[in-house]
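We have chain A already, so just place chains B, C, D, E, F and G on it with the hints.
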Amino acid sequence: MVNGIERPLDLLNNSKGKEILVQLKGDRQLVGTLLAFDIHINVVLDNAKEVANGETKRSMGLTFLRGDTIVFISPASTASKGE
Amino acid sequence: MVNGIERPLDLLNNSKGKEILVQLKGDRQLVGTLLAFDIHINVVLDNAKEVANGETKRSMGLTFLRGDTIVFISPASTASKGE
Amino acid sequence: MVNGIERPLDLLNNSKGKEILVQLKGDRQLVGTLLAFDIHINVVLDNAKEVANGETKRSMGLTFLRGDTIVFISPASTASKGE
Amino acid sequence: MVNGIERPLDLLNNSKGKEILVQLKGDRQLVGTLLAFDIHINVVLDNAKEVANGETKRSMGLTFLRGDTIVFISPASTASKGE
Amino acid sequence: MVNGIERPLDLLNNSKGKEILVQLKGDRQLVGTLLAFDIHINVVLDNAKEVANGETKRSMGLTFLRGDTIVFISPASTASKGE
Amino acid sequence: MVNGIERPLDLLNNSKGKEILVQLKGDRQLVGTLLAFDIHINVVLDNAKEVANGETKRSMGLTFLRGDTIVFISPASTASKGE
Amino acid sequence: MVNGIERPLDLLNNSKGKEILVQLKGDRQLVGTLLAFDIHINVVLDNAKEVANGETKRSMGLTFLRGDTIVFISPASTASKGE
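Protein chains in written order, with the working numbering: chain A, 7 to 89; chain B, 7 to 89; chain C, 7 to 89; chain D, 7 to 89; chain E, 7 to 89; chain F, 7 to 89; chain G, 7 to 89.
Quick caveat, the hints were computed from the structure, so don't treat them as lab data. There may be inaccurate statements among the hints.
Between beta-carbon pairs, the in silico distance windows are [as the list claims (entries may be wrong)]:
no. : chain 1 : residue 1 : chain 2 : residue 2 : range
1   : G       : LYS24     : E       : ASN19     : 17 to 25 Å
2   : D       : GLU12     : C       : VAL57     : 41 to 49 Å
3   : D       : GLN35     : F       : SER83     : 52 to 60 Å
4   : C       : GLY32     : A       : SER83     : 30 to 38 Å
5   : B       : ALA82     : G       : ASN59     : 51 to 59 Å
6   : F       : LYS63     : C       : ASP33     : 30 to 38 Å
7   : F       : GLY10     : E       : GLY32     : 42 to 50 Å
Remember, predicted model here, so these are calculated numbers, not experimental data. Built from N, CA and C at the ideal position, the CB exists for glycine as well.
Chain A with its partners taken away, still in its complex shape (with noise of 0.2 Å):
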């Protein structure tokens, strides 16, 4: 179920402290804990990585994200939900 997402940023709010997927303009991906975020899209993660065809390509721990550069943002735990 999905209750409680009246506006795109309450999926953002119901994903603090949870594994989110981050997919980045230029084909970067990264995974890591959604710790905070604010109107632009900023983020920081923890335990940031980088990863490429299910590969972590390198470990960043503590990492803010630009806004402008993000183009989608996923729940990791919703990931194969929808099937």
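This is chains B, C, D, E, F and G only, laid out in the frame that chain A set:
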């Protein structure tokens, strides 16, 4: 009939809870159920899937899409209605 | 005659309910009936079709187009009037 | 003579009803009669034609051009005056 | 000497009526006489010429340049002064 | 632990005086000591070095970075903490 | 020492009258004496030179640089101080 579309966002409002196709810059394409959007055209999809050439490339479940990466949005139910 | 076009948006206003050609960045081209637009040049087309080299590539029905991906918009009825 | 151009938009104002050349990003070039413009440099051309290497590629009639795709605008009548 | 340049726009103000070189994004280069500019760095050149490798590619006469395509502007008279 | 990060900028505030990794658009990477930042995510680094594949490409000392070229920022000390 | 840099623009203010290196988007690099800047990071350089691989490609004298093409700015005097 296309009653009730006075402003562009009316189409998005009418599409809440329905499956939509979202074309992103850089040729990425997603389908999913529209849960929420805002004036920046940030949207949240449920059961989001990235598709290419009619096939599902990955399933992402709940997904937040930043508006500035979106080219167009089309309710899936209207895709072949026009012919 | 081109009466009544004092400001650029007047052309879009005059084109409501008519077929228009929309050229997008990255060489994508759509045709459809203009239903609505706003000051960001976000537009909604009915019976939208993506076209290339005079052929329909896909039919998308009702479609919301984000203004910032648009290069130009031309009412289809005027396309050959100029010669 | 270039009397009366105190601000950049004065040139556009002086060019209303005259043929102009519009250079777009990505090397696209249009000619047409300037009917209207606004502070975003959105413009409407009548008898717009896309040209390349001195030849007409397509005729589009009335055309709305989004300002942010424009590189420069030059009144056609001044093109060879400078030599 | 470079007296009187307290703010960046002072250089443009000092260059009115003089020949300037304008470097655009995407490697296009124009020279012409600066007639007018505004805070968006939109400029109008008289006797504008597109140049490449020291040769004139085309003469455009009066030309309106949108500020957001400009990389830098240099008064032609200062080009070799610095050595 | 990641105490005290309520908003994205808190991470940058916590990183003042510490070494950070800055990933720029177009694959450029810098490391340096964070001295200052603002809400546009403009930052000043001391002892800035451009790095690629773990090697220093050039040393630039004090460096002002424009926020809109930044993809992400990560405190260097947290880079391997996550595993 | 890096005293007195509380905000990013303080570094630019401290660099007035000094030689700086300016890295532009698209790999272009300029050096010159910083005369003026504003909050958009528009800058004016005196004795500006475009450099590549340590060699001067062209000398442009006084030059106005639009802020949005700038990646980073570094005072030349600090370039090797950090090691």
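The hints, checked one at a time:
no., hint, in the structure
1, G:LYS24 with E:ASN19: 17 to 25 Å, "holds, 24 Å"
2, D:GLU12 with C:VAL57: 41 to 49 Å, "holds, 44 Å"
3, D:GLN35 with F:SER83: 52 to 60 Å, "holds, 53 Å"
4, C:GLY32 with A:SER83: 30 to 38 Å, "holds, 34 Å"
5, B:ALA82 with G:ASN59: 51 to 59 Å, "holds, 53 Å"
6, F:LYS63 with C:ASP33: 30 to 38 Å, "holds, 36 Å"
7, F:GLY10 with E:GLY32: 42 to 50 Å, "holds, 45 Å"
Checked against the numbered hints above, the structure violates none of them.
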